Amino acid sequence: MSNLLASYKKTSRLRQESRWATSLVNLWLIAFALISIIPMIWLLLAPTKSDADLTNKNPLMFGRLGGYIDAWKNLQFFDDGVVFQWALNSIWYTAAIVVIATISASLAGFVLTASNIRFKKVFLISTLIMMLVPPMALVVPVFVLMDQLSLMDNPMSVILVASLYPFGTFLAYIYYSTTIPKELYESARLDGCNDFRLYSRIALPLSWPLISLLSFFAFIGNWANYFLPYILLPSSENYTLPIGLGFLFYSTPAINPGVGATSVPVYKPEIALAGVLIALPIMIVFLVSQKRLVRGMLSGSIKE
Amino acid sequence: MAKAKKASRQRTSAAMYLMLAPYVFLLIMFGIVPVLMAIHEVPTPSRVNADGGWDAFKIVSQDFRFLPALQHVLQFMAVFVPLTLIFVIGMALMLDIKHSKWKKYLRLAYIVPASISGGVAVLVWYVILQPTLSPIKTPLSWFGITTSDQIWQTKNLYWIFALMAFFAVAGNWILIQYGSLQSISYEILEAARMDGCSALQLALRIKLPLIKKYIIYMGVLIFAGGLQLFVEPQLLNTGVYAGIAEAWSPDQLAFELAFTNGDFGGASALSIMLLIPALIGALIVIFKTDMFDEAEVSGKQKVQE
Numbered sequence: 009m010s011n012l013l014a015s016y017k018k019t020s021r022l023r024q025e026s027r028w029a030t031s032l033v034n035l036w037l038i039a040f041a042l043i044s045i046i047p048m049i050w051l052l053l054a055p056t057k058s059d060a061d062l063t064n065k066n067p068l069m070f071g072r073l074g075g076y077i078d079a080w081k082n083l084q085f086f087d088d089g090v091v092f093q094w095a096l097n098s099i100w101y102t103a104a105i106v107v108i109a110t111i112s113a114s115l116a117g118f119v120l121t122a123s124n125i126r127f128k129k130v131f132l133i134s135t136l137i138m139m140l141v142p143p144m145a146l147v148v149p150v151f152v153l154m155d156q157l158s159l160m161d162n163p164m165s166v167i168l169v170a171s172l173y174p175f176g177t178f179l180a181y182i183y184y185s186t187t188i189p190k191e192l193y194e195s196a197r198l199d200g201c202n203d204f205r206l207y208s209r210i211a212l213p214l215s216w217p218l219i220s221l222l223s224f225f226a227f228i229g230n231w232a233n234y235f236l237p238y239i240l241l242p243s244s245e246n247y248t249l250p251i252g253l254g255f256l257f258y259s260t261p262a263i264n265p266g267v268g269a270t271s272v273p274v275y276k277p278e279i280a281l282a283g284v285l286i287a288l289p290i291m292i293v294f295l296v297s298q299k300r301l302v303r304g305m306l307s308g309s310i311k312e
Numbered sequence: 006m007a008k009a010k011k012a013s014r015q016r017t018s019a020a021m022y023l024m025l026a027p028y029v030f031l032l033i034m035f036g037i038v039p040v041l042m043a044i045h046e047v048p049t050p051s052r053v054n055a056d057g058g059w060d061a062f063k064i065v066s067q068d069f070r071f072l073p074a075l076q077h078v079l080q081f082m083a084v085f086v087p088l089t090l091i092f093v094i095g096m097a098l099m100l101d102i103k104h105s106k107w108k109k110y111l112r113l114a115y116i117v118p119a120s121i122s123g124g125v126a127v128l129v130w131y132v133i134l135q136p137t138l139s140p141i142k143t144p145l146s147w148f149g150i151t152t153s154d155q156i157w158q159t160k161n162l163y164w165i166f167a168l169m170a171f172f173a174v175a176g177n178w179i180l181i182q183y184g185s186l187q188s189i190s191y192e193i194l195e196a197a198r199m200d201g202c203s204a205l206q207l208a209l210r211i212k213l214p215l216i217k218k219y220i221i222y223m224g225v226l227i228f229a230g231g232l233q234l235f236v237e238p239q240l241l242n243t244g245v246y247a248g249i250a251e252a253w254s255p256d257q258l259a260f261e262l263a264f265t266n267g268d269f270g271g272a273s274a275l276s277i278m279l280l281i282p283a284l285i286g287a288l289i290v291i292f293k294t295d296m297f298d299e300a301e302v303s304g305k306q307k308v309q310e
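Protein chains in written order, with this note's numbering: chain A, 9 to 312; chain B, 6 to 310.
For reference, chain A alone in the conformation it holds in the complex (with noise of 0.2 angstroms):
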């Protein structure tokens, strides 16, 4: 009976302890959350303040919504409102990025699966080593490229290198091989299917989940991106917002104390409404697609 009780005794003890850690556990998880937004928070909230306000007041205290009114005309002022045009670029750019490396992955996806093409495997392996190896190693020998190709300074070189999509060929390559049957080619060919049709009218009808994935993930690679515009397009008439952000940094004294006063008006509300509009639709995609992300991510060795 005492052993019993002990037994009990141990196990209630036990519980309560594991109570205990769940709780600390769903509290260090909760204030992980709350630091994970600050930031951002802090990005959304600054340009409804003026710069005085961002220094004197509390960092995370709303001013008022006709700050982004007013921080945006006065972006206008920098270089007669070419951040205008770096916004259309980003959007331009982005847009031809997407479509142009989603359909030509999917199409380089379905061919792999539903034909015996040759080289099946060289092309597989060097699609993975390209999706692995970070596209920064290769932007000096791209930059090398272009200059010879004359594309430098041209939209395009950044669109044609950007379209380049291996970690979404690899993605098409495993739904189609995961999710159609191979007889259903098979069947569709002796109806009389040429191999154009066999993608239009089977593969692509039955991979709208697929090309909303490949279109996430190109989104959210090329939007913010980087080295290579940086790189490959010099004039300011070509920036996109992200490198007309650091164009931002380095010209207006907002963050950069080695610049001196200057008349145009940009100062941090402004350079933060810059940084939002880089940021804000990228979180928006994250947060709406999330469930897209780790099926992406995983998808070649879990099956659905």
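Hints listed in this document are in silico derivations from the structure and should not be mistaken for laboratory results.
Each hint should be verified, as a subset may be incorrect.
As the list claims (entries may be wrong) - Pairs of lysine-lysine residues, derived as BS3-like cross-links and limited to a Cα-Cα distance of at most 30 angstroms, are as follows:
no., chain 1, residue 1, chain 2, residue 2
1, A, Lys299, B, Lys108
2, A, Lys190, B, Lys218
3, B, Lys217, B, Lys106
4, B, Lys217, A, Lys129
5, B, Lys142, A, Lys65
6, B, Lys218, B, Lys106
In this text, all values refer to a predicted model and were calculated from it rather than measured experimentally.
Keeping the supplied structure of chain A fixed, place chain B upon it in accordance with the hints.
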């Protein structure tokens, strides 16, 4: 006519090659050709390598900026890689202890800092580590930090860049590793629980070994990405504190060699030197783990049923 019929019966038609063409064109043109051009560029004569030849590798490695840049990036990696790996795995395991609906909001919060990278990261961290502006003013003062010049010094940069890089990637990887933990079958976990495994034992003895390959995958991607640190030091150096991070990372040095010194041979040599570790990492993941088994390229054929 007969010939055409025969061609259409062959397994691979011209249409297939045509559909593969855009990707293959991009792969060859912007993946393979640049590497070949870089190799070709190395031995061209330049101001520092007057006679040309493969000495470019030696000359670059003897550049007075080379060793410091290498040292900086290694210091940075020594903080960033283990910090990220351990933290991410720990967080994923903690999230996985007990499933509750409210935790999905935590996962959303963790992903927020991923949208702050590059220039935006420099701006945000400039503010966070600037005691006059910082939203964490009080915690900074606990460590005796009241002026920005206590923080923004070249010797502290590897910590700062490690923090920036950590916050930019940790959230994504927490979600991904949490996802990999969901792939563990319920039966295995239940059996371990029946045998009296505590949550901690379950995590260390059962879950960790089962997601090993995802951890290696993450390790390689984090390592290869870390080696290519460029944007943050470059922006900090050109746009915020002039001279604080001049040729601080090897990628910056490659950039400076090419665009300030006009030494493309040296820049290419350095690019190749940086490419090799990334390449080795990639080959390890492809051939030494079963991460990409579904792609059937590693030679380890799946057992056919």
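- Task: Could you check the structure against the hints above and give me the numbers of any it violates, in ascending order?
- Result: Result: no hint breaks.
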